[in-house]
Amino acid sequence: MNGGLVPLLLLSATIGLMLAFVPGRSAWFALAAFAVAALAGLAIPLGLSPQIIFTALWLSAIVAAILVYVPVARWSVAVLPLCLNAGFWLGASAALTGNHAALALGLLPVLIAIPARWFTHRKFDIVIKVIASWMIAIASLSLFVSLIPTPGYKPDHME
Amino acid sequence: MVLIAASALIATPAQAHEGTGLAGGFIAGVLHPLAGLDHMLAMISVGLWGAFLGRPLVYALPMLFPGAMVVGGALGMAGVGFPPVEVGIAVSVVTLGAMILFAVRAPVVVACAIVAIFALFHGYAHGAELPSAADPVGYSAGFVLSTGLLHLVGIGFGLLRAAPAGTIALRAAGGAIALSGAWFLLTAVTA
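Note that the protein sequences, when read in sequence, are chains A and B. Counting from 1, one number per residue, gives the positions in the first sequence under our numbering. Counting from 160, one number per residue, gives the positions in the second sequence under our numbering.
Don't take each hint at face value.
[What the hints assert, rightly or not] Estimated spans, in silico, between C-beta atoms of each pair:
hint	chain 1	residue 1	chain 2	residue 2	range
1	B	V263	A	P45	53 to 63 Å
2	B	A324	A	A32	54 to 64 Å
3	B	A335	A	L48	50 to 60 Å
4	A	N99	B	A324	31 to 41 Å
5	A	I66	B	V239	18 to 28 Å
6	B	R264	A	R122	26 to 36 Å
[Unchecked claim] Sample of chain A residues with no beta-carbon within 10 Å of chain B, all distances over it, derived:
hint	residue
7	G4
8	P7
9	F29
10	A32
11	A40
12	S49
13	L59
14	K123
[As the list claims (entries may be wrong)] Residues from chain B shown here face chain A by an in silico Cβ test under 10 Å; the list is partial:
hint	residue
15	L190
16	P221
17	P225
18	V229
19	S299
20	V303
Hints are computed from structural coordinates only; laboratory data are not their basis. Keep in mind that this is a model prediction, so the values were computed, not measured. Note that the Cβ used here is the ideal one computed from N, Cα and C, for glycine as well.
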């Protein structure tokens, strides 16, 4: 079962880690775009299967975590589209839970950007990079396990 | 991270899988690398050896390990054929312990290659078991986090190098790890 709150929290936290590398004002814009897109994703009925939504969610998290290793100057123009995309899939995943409070909770970890910026400003960004490597691993495994039919991932009565 | 961990603790997988008999969830994932001494010693050794080698490997090795572990995990999930995993894991403990014992200062590329190859074996073992887990997302998050924390424990021990006789103590620990690995290897080969 690829559902619940954990995927939302992980995507949100990963976006927060990515934003720690984005210069001040752009980061705040991106943060706002992430939240607005999440609301849109919650409100707009997509009619997509949960598998597609979670695949998009995990791919968004992997891309965001990989960008942590790339100098921000190379991808600064993509910050806004990335956050809009990730926010949308976060909202769509929250809609699957059937509980709108999941969105509010799911958005909270993006605020990890604030303490994470403390590290990046002091050139301790290696801490963020280590955590990003964990995020890549978790997101990749979750993606694989949802794509490879296994006993643990057989759709159950909740899906 | 605290929020994620707390939510993962609350959102246990048992709601939809109670009674299935499948291991699963965040806690099971956290405990998995801690349950096997061979896994645990290898993870700690990665951090310890990285600390011995200094920058950039002190952080490159723990960052590389999860990525390579995922590749191995995917191979395990897909049921792709692989050399004997238990032997590979035991060899990883012997090798990493020996690297610490002899304070081998391997070049960056070589150290990364060694750790990546061993991570494939550890990942394969996890991946082969992951499909039998309920709530594989929570399980994945748990064991990746646990693995990362074991690396940090290794790096923490590695800081003892700065203390008087710290290097000798750490190299002795490497020797003990290598000996344990030799025992695991013997067990794996004779099983």
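Hint by hint, here is what the structure shows:
1. B/V263 - A/P45: 53 to 63 Å: Roughly 59 Å apart at Cβ, these two residues keep to the hinted range, so it holds.
2. B/A324 - A/A32: 54 to 64 Å: holds, 55 Å
3. B/A335 - A/L48: 50 to 60 Å: Distance hint for B/A335, A/L48 holds at roughly 54 Å.
4. A/N99 - B/A324: 31 to 41 Å: violated, 57 Å
5. A/I66 - B/V239: 18 to 28 Å: holds, 24 Å
6. B/R264 - A/R122: 26 to 36 Å: About 29 Å separates the Cβ atoms of B/R264 and A/R122, which means 26 to 36 Å holds.
7. G4: At about 5 Å from chain B, A/G4 fails to clear the 10 Å cut-off, so the statement is violated.
8. P7: violated, 6 Å
9. F29: Correct as stated: the minimum Cβ-Cβ distance to chain B is 24 Å, above 10 Å.
10. A32: holds, 20 Å
11. A40: holds, 23 Å
12. S49: holds, 17 Å
13. L59: holds, 14 Å
14. K123: holds, 13 Å
15. L190: violated, 16 Å
16. P221: holds, 6 Å
17. P225: Where the cut-off is 10 Å and the nearest Cβ of chain A is about 4 Å from B/P225, the hint holds.
18. V229: holds, 4 Å
19. S299: holds, 4 Å
20. V303: Status holds, d = 5 Å.
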